[in-house]
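A.B. asks: The chain contents come next:
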Amino acid sequence: MTVLGDRQQLSYIASQAADARLNLELETEGMTLNIGPQHPATHGTLRIIARLDGEQVVWAEPVCGYMHRGYEKLTEVRTFPQVTTLINRIDWLGSFANEVPFILAAEKLMGVEAPPRAQYIRTILFELSRIANISLFLGDLGVQLGAITPVFLAFRDREYVLNLIESATGGRFHPNFDRIGGLKDDLPAGWIDETRAVMKKLRGFCDQIEDLLFGNEIFQSRTRGIGVVPRDVALQYGLSGANLRASGVDWDLRRDQTLPMAWDKADWKVWTHPDGDSFARCWIRLQETREATKIVDQLLGSIPSGPVMAKVPKIIKVPEGEAWVSTENPLGEMGYYVISRGDLGPFRVKIRSASFNNLSITPWLLRGVYVPDIVTILASLYFILGDIDR
Amino acid sequence: MREQMLVAIQTSLGDALVESQIKSLDDLWIRVRTDSWRASVKKLRDVHGFDYFCFLSAIDWMPSPYGRGEDDPTEPAPIRDTTIRSGYAGGETRIQVFIRIVNSTTHLGITVKADVADTALVIESLITIFAGANWHEREAHEMFGIDFAGHPDLRNMYLPADFEGHPLRKDFPLLSRMVKPWPGIVDVEPLPASDEPASDEPADDLPTSGNETVSDDAS
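Protein chains in written order, with the working numbering: chain A, 1 to 390; chain B, 1 to 219.
A couple of the hints might just be wrong.
Quick partial rundown of chain B residues pointing at chain A, CB under 8 Å, derived from the structure [unchecked claim]:
(1) G49
(2) D51
(3) Y52
(4) Y88
(5) G90
(6) S104
(7) H107
(8) G132
(9) N134
(10) L168
From the derived model, a few chain B residues whose C-beta atoms are all more than 12 Å from chain A [as the list claims (entries may be wrong)]:
(11) V47
(12) P78
(13) G87
(14) I146
These are computed hints drawn from the structure, not numbers from a lab. Yeah, the Cβ is synthetic: ideal placement off N, Cα and C, and Gly gets one too.
Next up, chain A with everything else stripped away, as it sits in the complex (with noise of 0.2 Å):
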């Protein structure tokens, strides 16, 4: 540090002194900008208090809450079947995928197995309920970035596959369908030849929002080296999903673990995408988009004949133990550590969902970025709010 001369140093403390009166008189502090909770970008009710440097973002923070519903609380006073009623309404987006990992973890502890049929329609309407997730997401995109098109592509394709769970299960957004040790009912008649109509459809869909988004300047320079998650960061937030192979983890828990589903009788592909920025993360999206049509369409041609339902008591009573399973869920890694005591209902149940962790990350990776870039990155890391909350 140089030695100031005491005349310097005086003229230096004054002009200090100017500089902060004139901050000061200017107010060139940070602002805060807050987001929500009623925000088109947030899915529902979340908050982001955001302080801002001009354009760019010092720090950012969710504020959850919004959607707080209890349920960890609420299965410890239900029976064992009477819970998918609820963790329906996780993910509302793509229910019947939320049932499938709580029924999985009660079945392995009752030692039960769903017949080879309940298991691959389980699959079909695994994936169904992905695609009819994740289309949304297609189209909310590009609302979020200014183009409106696709967002009526997606509810108009998306409305097919609602159609398709809707007569298979009976409800459209929450089918409640599962049951231990199988399924409420076997497919509807004419189900398999309406729903490879379907899937062509969709496969169309993809197309049209490949060329309309992904091949579009304006998405691709608002989404290119926006936000990007290195996978050492990815992994040790715990993000899943298309967010953590959008980093470069080649990782799908339909793949790389054994549960009794048919995703292992079909032939398909992991992608993944070694950028780790919102493009990559909607482009593994449609990829996945893509792949599920064909898990469905592989799948439907070899359904096995026979009952939907194994052989499990009249009243559900679960031995004692404790087991965790999750599943690739629309949005992430779902899963449910389960403890029972061998009673009617659960001892307690942790829920343990996508969104609350892929949301996590947002005060780490929107430091920094500039405004507009936060609608880009929240819309990209793909979040339910009821996902977040539970």
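Start from chain A and add chain B according to the hints.
C.D. replies: Showing chain B alone in chain A's frame:
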């Protein structure tokens, strides 16, 4: 595979590992000493490659004194057994903290538990090992009242700041079930005298249409 993993973990953790439980094709549970919670998890990450943070939460092992919240509020409350009995890999305290971490190359996961002393609900924070533990520890703090030493910001995630009590503790009553008789009581209350063996035809659900169906089943 999991057996070898357990042996390796036993050697490297030494006496920090208290108990373990293994289901060979299914899962692995270990319990570590409370004072070496942070050190053990760090070792598991650095030595054994458990680099994926799945979740952190807590368990209250005391059975609820309110049962399933189906008591008639006009009757005197029944006395229930609230003896504390721990799960896999044992435990000596009422509240346990547990995390799930996974090896991102072999895709094998492990559940690590640690006791939290009833007198002082404090355990080290894992925030410097897994940044993702931040929100999970805030959640556990809010729901169970556990303090995480070293966590910079244990604000509530969901509930208002002045909320009293810790909802996921078993002695926290579910008030909506307390104030009036639970209408679903007919679904579950009259149990058959003995456990029925698997019936011939597949059952699809608990009977939902009231007492008649249930008594038919029991006869």
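A.B. asks: Now, for every hint given, state plainly whether the structure supports it.
C.D. replies: For each hint, the structure was consulted:
At a threshold of 8 Å, the smallest CB-CB gap from G49 (chain B) to chain A is about 11 Å, leaving the interface hint violated. The interface hint given for D51 (chain B) is met, as the beta carbon of that residue sits about 5 Å from the closest beta carbon of chain A, less than 8 Å. Taken as an interface hint, Y52 (chain B) checks out: its beta carbon lies about 5 Å from the nearest beta carbon of chain A, inside 8 Å. With a least beta-carbon distance of about 5 Å to chain A, the hint placing Y88 (chain B) at the interface is held under the 8 Å criterion.
Here the hint on G90 (chain B) is broken, as its CB sits about 12 Å from the closest CB of chain A, past 8 Å. Given the 8 Å rule on beta carbons, the hint for S104 (chain B) holds: about 6 Å separates it from the nearest Cβ of chain A. A hinted interface residue such as H107 (chain B) counts as satisfied when its beta carbon comes closer than 8 Å to some beta carbon of chain A; here the least separation is about 4 Å, so the hint holds. Hint status for G132 (chain B) relative to chain A: holds, with the closest Cβ pair at about 4 Å, below 8 Å.
This hint holds: N134 (chain B) has a C-beta 6 Å from the nearest C-beta of chain A, less than the 8 Å allowed. Using the Cβ-Cβ criterion of 8 Å, the hint placing L168 (chain B) at the interface with chain A is satisfied: the shortest such distance is roughly 6 Å. The beta carbon of V47 (chain B) sits about 16 Å from the closest Cβ of chain A, which is more than 12 Å, so the claim that it is off the interface holds. Chain A leaves P78 (chain B) outside its interface by the beta-carbon criterion, the shortest separation being 15 Å against a cut-off of 12 Å.
With 12 Å as the threshold on Cβ separation, the claim that G87 (chain B) sits away from chain A is violated: the shortest Cβ distance comes to roughly 5 Å. For I146 (chain B), the condition that its CB be more than 12 Å from all CB atoms of chain A holds, with the nearest at approximately 14 Å.
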